[in-house]
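Undergrad: As a plain string of letters, each chain reads:
There are 2 protein chains.
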Amino acid sequence: MGKIKCEVSYDGTNFSGFQIQPKKRTVHGELEKALLKIHKGEHVRIHPSGRTDTGVHAKGQTIHFETPFQIPLDNWKRALNTLLPGDLYVNTVEAVPESFHARYDVIEKEYRYYVWNEKEMDVFKRNYAYQFQYPLDISVMQEACRYLEGTHDFTTFSSAKATTKGSKVRTLYQASCEKRGSEIEFIFRGSGFLYNMVRIIVGAMLDVGQGRRNPLDIAKLLEKKDRRLLGETVPPQGLYLWKVTYKS
Amino acid sequence: MGKIKCEVSYDGTNFSGFQIQPKKRTVHGELEKALLKIHKGEHVRIHPSGRTDTGVHAKGQTIHFETPFQIPLDNWKRALNTLLPGDLYVNTVEAVPESFHARYDVIEKEYRYYVWNEKEMDVFKRNYAYQFQYPLDISVMQEACRYLEGTHDFTTFSSAKATTKGSKVRTLYQASCEKRGSEIEFIFRGSGFLYNMVRIIVGAMLDVGQGRRNPLDIAKLLEKKDRRLLGETVPPQGLYLWKVTYKS
Numbered sequence: 001m002g003k004i005k006c007e008v009s010y011d012g013t014n015f016s017g018f019q020i021q022p023k024k025r026t027v028h029g030e031l032e033k034a035l036l037k038i039h040k041g042e043h044v045r046i047h048p049s050g051r052t053d054t055g056v057h058a059k060g061q062t063i064h065f066e067t068p069f070q071i072p073l074d075n076w077k078r079a080l081n082t083l084l085p086g087d088l089y090v091n092t093v094e095a096v097p098e099s100f101h102a103r104y105d106v107i108e109k110e111y112r113y114y115v116w117n118e119k120e121m122d123v124f125k126r127n128y129a130y131q132f133q134y135p136l137d138i139s140v141m142q143e144a145c146r147y148l149e150g151t152h153d154f155t156t157f158s159s160a161k162a163t164t165k166g167s168k169v170r171t172l173y174q175a176s177c178e179k180r181g182s183e184i185e186f187i188f189r190g191s192g193f194l195y196n197m198v199r200i201i202v203g204a205m206l207d208v209g210q211g212r213r214n215p216l217d218i219a220k221l222l223e224k225k226d227r228r229l230l231g232e233t234v235p236p237q238g239l240y241l242w243k244v245t246y247k248s
Numbered sequence: 001m002g003k004i005k006c007e008v009s010y011d012g013t014n015f016s017g018f019q020i021q022p023k024k025r026t027v028h029g030e031l032e033k034a035l036l037k038i039h040k041g042e043h044v045r046i047h048p049s050g051r052t053d054t055g056v057h058a059k060g061q062t063i064h065f066e067t068p069f070q071i072p073l074d075n076w077k078r079a080l081n082t083l084l085p086g087d088l089y090v091n092t093v094e095a096v097p098e099s100f101h102a103r104y105d106v107i108e109k110e111y112r113y114y115v116w117n118e119k120e121m122d123v124f125k126r127n128y129a130y131q132f133q134y135p136l137d138i139s140v141m142q143e144a145c146r147y148l149e150g151t152h153d154f155t156t157f158s159s160a161k162a163t164t165k166g167s168k169v170r171t172l173y174q175a176s177c178e179k180r181g182s183e184i185e186f187i188f189r190g191s192g193f194l195y196n197m198v199r200i201i202v203g204a205m206l207d208v209g210q211g212r213r214n215p216l217d218i219a220k221l222l223e224k225k226d227r228r229l230l231g232e233t234v235p236p237q238g239l240y241l242w243k244v245t246y247k248s
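In order, the protein sequence lines correspond to chains A and B. Once you know that position 17 of the first sequence is 17 in UniProt numbering, the rest is easy, because the numbers rise by one and skip nothing. Once you know that position 73 of the second sequence is 73 in UniProt numbering, the rest is easy, because the numbers rise by one and skip nothing.
Hints listed in this document are in silico derivations from the structure and should not be mistaken for laboratory results. Some hints could be false.
Stated by the list, open to error - Some but not every residue of chain B turned toward chain A, in silico, with C-beta under 8 Å:
hint, residue
1, 24
2, 76
3, 89
4, 104
5, 106
6, 107
7, 120
Source: prediction; values computed, not measured. Just so it is clear, CB atoms sit at the ideal spot from N, CA and C, and this is done for glycine as well.
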């Protein structure tokens, strides 16, 4: 009997998101299907650090599960990757103490969002970035990002669909963007994220980059704590759950 | 009445190749479907520079077609891209003289092949590069590439499935490879290519890179003109038809 932690990556394009759903191909479903085979028909429940929406990717999602088997960790990784489809891969496998929980023990999450800022469509980017054709002023976007760093009530940047009833206060350790060639990379590292928070923030940043808002608006919007002021989200295919960090 | 030349790009992942086939989703089929709509049900035949196999991509495939319509070129591009699916895009549209032919007037083609040389699988590369996990010595591969440049009979590097009955003599203006991080990029520019030639060459280069052949073998294999000596091809998803050049 033991508890196993896995870091997994997936191309979200052909998944109906993470969460298990009847008759839909989901990351959760595919992982449990592989574990069911390894456990010879015995169902093993997985627990992720959190869900991701349809079309959202992961470079470093983390899950845990409990198993009655004693198998060397390298063999776990090989067995899982042999059974998993090509768009879902186990990066690492670790034995963890009984007390570990992939969701409750998270101390930091990192998300990245990619915008492909070109007039011409690139067929190879369509599922992996948001193709945005209008000119963007990256320096004002960088200024606006800085207002989001620190501990704030992020109600303005939360989805109306959010089901969280608790506090909307979160701490962002990093909110930044860089332009390299035609690609804009947003990095967000924080104690936790509200539903759709990254996609709402990026949407607001694209407003700033186009001159439709000024950077200081972002600070003012935060203070207003009104989710109706924003809420337009950018599409899912630019979003990557990049890394989940646990206390070690 | 006029002749139109288009440069198109496509992500080959979800196409059953280029060539039109009943009940299959092909690049040729999707292009003619869009043209059929523009011409209000009148069939318009397209002519490509050549075919590509299932899973093979294009950054710059070229086609031509004839149309009775007089439409500004920018509108052609917009109309086609509005009707085409997301994995097929028209980069440029040009009016060409009646004498132009997308296949017969080619003076140079460029193909690229991408190898992702890492032990760990990358789910985001699976459809866009050949994931090859064993160490490769790039310098001997570069030496071997040089033996292929120039005018040669490429029979050894042609597929047994090839239907070409004519000469197997082709001229390679460039055969090279570079390693950047984990990515190896092969560039082949030539007067023309035999069926599967690039994929057979890359397969031989990976043998050289692993020390299973020495670079001079490549020169000797060329001289032998025996297609049974090679023929193992690398998979299609690493291959890109990069550019087609015409006399101007």
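Undergrad: What are the numbers of the hints the structure violates, in ascending order?
TA: Failing hints, ascending: 1, 2, 4, 5, 6.
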